[in-house]
Amino acid sequence: MPTTIADPVSAIRRMPPTRSSRWYLPFATGSLLLAAWWLAWSAGAFPTGTVPSPADVASAFATEAHSGRLLENVISSLYRIAWGYLSATITAIPLGLVIGRSVSTRNAILPWINFFRNLSPIAWIPFAIIWFGIGDPPAIFLIFLATFFQIVLATAAATGSVPSVYYRVAREMELGSVRVVFEVTFPAILPQLVIALRVAAGVAWMVVVAAEMIAVRSGLGFLIVDARNGLRMDLVICGMLVIGLIGVALDIVFARLAKIDSVRWGFER
Amino acid sequence: MTEMVLEARGIGFNYGSLVVIERLDLAVAKGEFVACVGPSGCGKTTLLALLGGHIAPTRGTLQRCGRSRTIYQDGGLFPWLTVHNNIALGLSARRDAATRERKVAEWLAVTRLTEYADLYPHQLSGGMRQRAELARALAAEADILLLDEPMGALDYQTRLRMRRELCATLRERTRTVVFVTHDIEEAVQLGDRVIVLGPRPTRVRRVIALPPGRPRLPTAPGVPDAEQAIMEELGLT
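These protein sequence lines are chains A and B, in that order.
Sequential numbering of the first sequence, starting at 1141, is according to this note's numbering.
Sequential numbering of the second sequence, starting at 207, is according to this note's numbering.
Don't read these hints as lab results, they were simulated from the structure.
Accuracy of the hints is not assured; some may be wrong.
Covered stretches of chain B (chain A as the covering partner; in silico rule of three or more C-beta atoms under 8 angstroms from a C-beta of chain A) [said to hold, decoys possible]:
1. 269-276
2. 415-428
Derived, one-sided and incomplete: chain A residues facing chain B with beta-carbon distance under 10 angstroms [what the hints assert, rightly or not]:
3. A1248
4. P1331
5. V1334
6. I1335
7. E1408
Chain A is nowhere near these chain B residues, computed Cβ spacing over 10 angstroms in every case [what the hints assert, rightly or not]:
8. L224
9. G247
10. G258
11. R265
12. G296
13. A315
14. R318
15. T320
16. A323
17. A348
18. R369
19. D389
20. R409
21. E439
Each residue gets a CB set at the ideal place from its N, CA and C atoms; glycine is no exception.
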């Protein structure tokens, strides 16, 4: 009869990850961080007025949420993101497709795309205020700048790397040039494009906060800077938490996009 | 008089200063199966690209009667489309939806892929992918099939099966085929004629005609002699 040797370490390594672990593990690590914060605050590890207690933050969150101000600020930020990010996406993808397919356009434009891509959107703030004044337009403009050049570059790189064999097949199928763009080039670059759009969405979310700290009087960025001016660090952390949670939610949406059949092939080959 | 569907006279092709093909003559009759063998890197794929009209010869004249479809070694199936949609897309320019569906179903059945119609290329085995490519090319009813080492990536048993299936399909639906391979045995078993190409710059070194009947057994009359002749021509003996 074979002898069974108990080896708990190997047994744990062999355990397949369960679906529920994707939910309870982040919750568990979050609870640990919260407990550490609470303990440090209770032990007086932070100088007075620098870091609030978790209870203060929870209370600030409840007050802001109940008053409706938090929702208004979230909507304001998302509104700016939607306009800046979507307008950048709609204009950048066609330009990237042209740059990727045409050598002369690539030579003429790509160095300038790289030039502007390396300029921090924050450097544009003075111009954004002079050109668009105060309100939504300068923030939308900054989000557009932060994402447009990134998406153009990613689209162009993906388009340039589409295997030529696909175009030969399309030619033999007698597909017209418009059908080639929509039925060959675009689906061929879609997996890489989804990754680029996911990264750009994160950048847009970071930039909207920076833009709202300067040019507008609403939004989560404004909430943070306004709370700091009033020395309400509980509200500052409340704003930070909401920003982080919405960022995670946006990322989950893009991760789901990568599971659509017409995109998933790019990750499974 | 035999009708020629492909006729190359003294064609040459350069990649920059590199001469890939030089003064190559080739004539392929309607319904003929021509196999081209040659050493690695001799320009076999370039020759197929020329015959398919994807690149123009630098010198000489090339005439092609009818439409051609190429089956690629590295996989020309669109990975974002299912097997069904890969075949259907190839028919979309010429047929209405009902005819297209009927044709797709027919070719899925011929290539024994009906139950895999909704799978994507990366979900198929190498042999299935090649069958799907074959179905896509044949469904389009192209007059000329250009096969670029289509069985190069398959294991030996699958290759033997694919050879038989290709021959059976061509018996029922005759096409003109130019088949490029580095596999001497494959060329001799499948081709009506075997064109032996020399090292770069590529020219035709020898043409070997084979007796009718495809695929030929390794011991069939003419097969061992043809293999020996090709090996000698390529300096492999």
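Against the structure, the hints come out as follows:
Given as covered by chain A, the segment 269-276 of chain B passes the check, having 4 residues with a CB less than 8 angstroms from a CB of that chain where 3 are the minimum. Requiring three or more residues with a Cβ within less than 8 angstroms of a Cβ of chain A, the coverage given for the segment 415-428 of chain B is violated, as only 0 such residues are present. A cut of 10 angstroms between beta carbons decides the hint on A1248 of chain A: the least distance to chain B is about 24 angstroms, and the hint is violated. About 9 angstroms separates the beta-carbon of P1331 of chain A from the nearest beta-carbon of chain B, less than 10 angstroms, and the hint is met.
Given the 10 angstroms rule on beta carbons, the hint for V1334 of chain A is violated: about 12 angstroms separates it from the nearest Cβ of chain B. Given hint, I1335 of chain A at the interface with chain B, is violated; its Cβ is 15 angstroms from that chain's nearest Cβ, farther than 10 angstroms. About 6 angstroms separates the beta-carbon of E1408 of chain A from the nearest beta-carbon of chain B, less than 10 angstroms, and the hint is met. Every beta carbon of chain A lies more than 10 angstroms from that of L224 of chain B, the smallest distance being close to 18 angstroms; the non-interface claim holds.
With a cut of 10 angstroms on Cβ distances, G247 of chain B stays outside the contact zone with chain A, its closest approach being about 18 angstroms. Distance check on G258 of chain B: its Cβ comes as close as 7 angstroms (rounded) to a Cβ of chain A, failing to clear the 10 angstroms threshold; non-interface status is violated. Interface exclusion of R265 of chain B from chain A stands, the closest Cβ pair being 22 angstroms apart, more than 10 angstroms. Annotated as non-interface, G296 of chain B brings its C-beta within 10 angstroms of a C-beta of chain A; the closest such distance is 5 angstroms.
At the 10 angstroms boundary, the C-beta of A315 of chain B stays outside the reach of chain A, the nearest C-beta of that chain being 22 angstroms off. No Cβ of chain A approaches the Cβ of R318 of chain B within 10 angstroms, the least distance being about 22 angstroms, so the stated non-interface status holds. Non-interface status of T320 of chain B relative to chain A is upheld: no Cβ of that chain comes within 10 angstroms, the nearest being about 20 angstroms off. The beta carbon of A323 of chain B is kept farther than 10 angstroms from every beta carbon of chain A, the shortest such distance being approximately 14 angstroms.
The Cβ of A348 of chain B sits about 7 angstroms from the closest Cβ of chain A, inside the 10 angstroms cut-off, so the non-interface label is violated. For R369 of chain B, the condition that its CB be more than 10 angstroms from all CB atoms of chain A holds, with the nearest at approximately 23 angstroms. The non-interface label for D389 of chain B is consistent with chain A: the shortest C-beta to C-beta separation is roughly 21 angstroms, beyond 10 angstroms. For R409 of chain B, the requirement that its beta carbon stay farther than 10 angstroms from each beta carbon of chain A is met, with the minimum near 25 angstroms.
The Cβ of E439 of chain B sits about 30 angstroms from the closest Cβ of chain A, beyond the 10 angstroms cut-off, so the non-interface label holds.
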